[in-house]
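Chains A and B are the protein sequences, given in the same order.
Residue numbering for the first sequence follows the numbering used here, starting at 1 and increasing by one per position.
Residue numbering for the second sequence follows the numbering used here, starting at 1 and increasing by one per position.
The hints are simulated quantities; they were obtained by calculation from the structure and are not laboratory data.
Heads up, the beta-carbon is just placed ideally off N, CA and C, and yes, glycines get one too.
Check each hint, because a few of them may be wrong.
To be verified - Part of the chain B face toward chain A, derived, beta carbon under 8 Å:
1) 58
2) 59
3) 62
4) 103
5) 107
6) 111
What the hints assert, rightly or not - Below are the DMTMM-like pairs computed for lysine to aspartate or glutamate, each with C-alpha atoms no more than 20 Å apart in a straight line:
7) A/579 - A/603
8) A/43 - A/117
9) A/592 - A/603
10) A/439 - B/110
11) B/88 - A/537
12) B/92 - A/537
13) A/301 - B/61
14) B/88 - B/61
15) A/439 - B/72
16) A/259 - A/117
17) A/558 - A/383
18) A/592 - A/563
Said to hold, decoys possible - Derived list of chain B stretches under chain A, where covered just means 3 residues or more per stretch with a C-beta under 8 Å from a C-beta of chain A:
19) 49-56
20) 70-78
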Amino acid sequence: MKDSGKISRMTGEKQGMKETQGRSGRGEPGRRARRGNADNPLKLAIVGNPNVGKSVIFNNFTGLYVTVSNYPGTTVEVSRGSTRIDGVDFEVIDTPGAYSLLPITEEERVTRRVLLEESVDVVLHVIDAKNVNRMLPFTLQLIEAGLPVLLVVNMADEAERLGIEVDAGLLEGRLGVPVVLTASTLGRGMDTLRRRIVEFISTSANRSANQLRFAYSDRTEKAIAPVEAMLEADYPISRRAIAIMLLNGDDEIRAFVSKKESHARELLGRVDEIAREVGEVTPFAYSIAMERQAAAVALVKGAVTSNAHPRSASTGFSGLLNRLTMNPLTGIPILILVLYFGLYRFVGGFGAGTVVDFLETVVFERWVNPFVDNLVRAFIPYEAIGSLLAGDYGVITLGLRYAVAIVFPIVGSFFLVFSIIEDSGYLPRLAMLVDRVFKVIGLTGRSVIPITLGFGCGTMATLVTRTLETRRERVIATLLLALAIPCSAQLGVIMGLLATRPVALLTWMIFIGVAFVVTGRLAAILLPGESPSFYMELPPLRLPSVSNVVSKTVARMKWYFLEIVPIFVLASVLIWFGKLTGLFDAAMRLIKPLVVAMGLPPETAVAFLFGFFRRDYGAAGLYDLAKAGALSGRQLVVASIALTLFIPCIAQFSVMIKERGIGVAILIAAFAFSAAFTVGYIANLVLGFLGVIG
Amino acid sequence: MSAFVQERHRYRHRRGWRWGGGWAGGWCRGRVGGPESAAPGRPGAGRGRRLCDLGPGEEGEIAFVDAHSMRDLQKFMAMGVLPGARVKLIQKLPVYVFRIGESEFAIDDELSRTIYLKA
């Protein structure tokens, strides 16, 4: 490093006045000394890019006792667990994948909030040994922020196979933070990592003195210095890092700072001025990123050596599979196979068929319902109260039955398949395959994730739209989820209804597909703004890990049962109330003419009304009518189309209000309402004219 | 011209799209960069080979990127698309896929047009 004068070690003696750049706001040695026991564990956050093995390290530390919850105010999942190393208790936090401290996505924002708000005691920065060059700038950012960083160079086994060698000792000397080489999937280096963590926390007093301090170019430093000097409040990270984020034009940090500083207006004004001045040639954020990258390259020189690839990742069977899934000629047939086996055969056939049949016809119809009915009849003499619990629309006999017997197996099997697909690294490939098509409807390939999730549960998918970049994209995705994406509960029943009539099923698919594209296109044209550009990392495909898949599925099921099922039970109560007070009859009278206009028997109005409370209720109501032979083939198709498009269920609607605001939510619902009947009406005319389905 | 059409028009113009580009227009379609990139002092003024000019399997070294917005810039930084880095184009359809270091990324036409390579 002889020629990199820009990189100097920050020694406590020589640059003592720079001490404020450390973690001055957090220096509470007395408090820390008492921590590390079960009641008051130390916090260990695992951060890093997506796909570097953070979760594997997390699982290795925490074992089975993990809670996955949404980060407060967001929908991003953060897993927490606990571990004890050498008698010291830790709370381990697995943060969402982040590329830098300058967030683009909601996930990255959450990661930064964890670091900014939770006073973390150890930050494990996990990087990929194959890509040290690219990931080290993030390490530099973390060090610059004065965080207690421990660098984990993971996937050492894969790097070795590619002929890449990492000299951890040399890197450690240069960075001034502990560097541990691991291969987490094999468990290699994990014991060393544990030992280093314990060492690390016991030397907390002098470790910041050793950390590398690298200087940017004079021009950049001249921009940072005055901003840094103006910061007066205590921050959980260094003032230097705050100053850099401010100059980067980071709105969230601006808000954060203006809450803390007494003369915030003046400060931010000065920041804008400086940023404008330096930004005239190159935007500040870009030049700082380039300089950081250059510093990373200098640091890595000699510490990471690469022999000519003995075997590149793009060869062999996995390499071939990687290519095949990305090439549109082979990728699209593979996609269809994945959908066919994953969704149609497993979720539709096994989950919605075999398991539902067993739970419905055996468990509930034979055992639970008669038992509850008898019990209620014997002990509750009041008809009104009794019908709340039992009978055709009772909370137990209908509400719980649907939740346990229909929704649980369908949604559960969907979440299982989705977790497998997610863990295998297939979703980014799906995203890149559909990007071009999604651009037409104002979305990018990235939105394929909430849209696919919508086939499982529209409510969860609507929450996940938060991960999309722009508001426009979020609104379009919410609209399409509400209108044209049937959730798995609904899909299961409709499949069951139409499965024996391939032509009917095809007709339904065509109409829903057309509604999806036309609505998306219209929304893209009518909503102002432009589509964000698309970029996505394509990790190599890998065999999903059983423990990851199980923990993800369990976490989603738990969410479903805690968040959605209560709303469903509430819906049962509302239905009971509506029937009791006659409100339902009034609503039914309103819907009936619309239903009749579509050529359907008036009784189907019930299905539509219930469809609002729960989508599957509606479809199941239809199922009952069809079983009774009340519907012709054509009526069945028309009703299925209209019911799929019909307004989203009560749970999804409430999330729409929360996420998009009441105005947008009502507009979307109103649109879905009219679209359902209009398309249903057209479908009836078209099918009648063609006479394809009797 | 309605507000919407204006917006749309500006958008195409800014992104350096050509009407009637599309699939038939070749994959590296459109003018180099947008009008602002050609302004003196801006890096785009020099012109040059871009990522989308490469054929599948070809490599190049990044000279600079001419991001149209802060967001795009952040995306480039996240991917490590910075001057001096070597990139290898893997495929062009349906989106551009390139390898940088040991990672692969997919980007759309818009982004691929703003990555300039050394001659």
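Consistency of the hints with the structure:
For residue 58 of chain B, the suggested interface contact is broken, since its CB lies about 15 Å from the closest CB of chain A, more than 8 Å. Because the beta carbon of residue 59 of chain B sits about 13 Å from the nearest beta carbon in chain A, more than 8 Å, this interface hint is broken. The beta carbon of residue 62 of chain B comes no nearer than 11 Å to any beta carbon in chain A, farther than 8 Å, and the hint placing it at the interface is violated. Interface restraint check: residue 103 of chain B against chain A, minimum CB-CB distance 6 Å, threshold 8 Å, status holds.
The interface hint given for residue 107 of chain B is met, as the beta carbon of that residue sits about 5 Å from the closest beta carbon of chain A, less than 8 Å. Against a cut-off of 8 Å between C-beta atoms, the interface hint on residue 111 of chain B holds, since the closest Cβ of chain A lies about 5 Å away. Proposed proximity of residue 579 of chain A and residue 603 of chain A is supported: the alpha carbons are some 15 Å apart, at most 20 Å. Restraint check: the Cα-Cα separation between residue 43 of chain A and residue 117 of chain A comes to about 12 Å, which is no more than 20 Å; the hinted pair holds.
Restraint check: the Cα-Cα separation between residue 592 of chain A and residue 603 of chain A comes to about 8 Å, which is no more than 20 Å; the hinted pair holds. With a C-alpha separation of about 12 Å, the suggested pair residue 439 of chain A and residue 110 of chain B falls inside the 20 Å cut-off, and the hint holds. A C-alpha spacing of about 15 Å is found between residue 88 of chain B and residue 537 of chain A, which places the hinted pair at or below 20 Å, so the restraint holds. For the proposed pair residue 92 of chain B and residue 537 of chain A, the alpha carbon gap of about 15 Å is at most 20 Å, so the pair holds.
Using a Cα cut-off of 20 Å, the hinted pair residue 301 of chain A and residue 61 of chain B holds, with the two alpha carbons roughly 18 Å apart. For the given pair, residue 88 of chain B sits about 9 Å from residue 61 of chain B by alpha-carbon distance, which is consistent with the 20 Å threshold. Of the supplied pair hints, the one linking residue 439 of chain A and residue 72 of chain B holds, its CA atoms being roughly 17 Å apart against a limit of 20 Å. Between the alpha carbons of residue 259 of chain A and residue 117 of chain A the distance comes to roughly 14 Å, so the proposed pair stays at or under 20 Å and holds.
Under the criterion of a C-alpha separation no larger than 20 Å, the hint pairing residue 558 of chain A with residue 383 of chain A is inconsistent with the structure, at around 34 Å. For the hint pairing residue 592 of chain A with residue 563 of chain A, the CA-to-CA distance comes to about 32 Å; that exceeds 20 Å, so the pair is violated. Interface restraint, the region 49-56 of chain B with chain A: violated (0 residues with C-beta to C-beta distance below 8 Å; minimum three). For the region 70-78 of chain B, the stated coverage by chain A holds: 8 residues have a C-beta nearer than 8 Å to a C-beta of that chain, and at least 3 were required.
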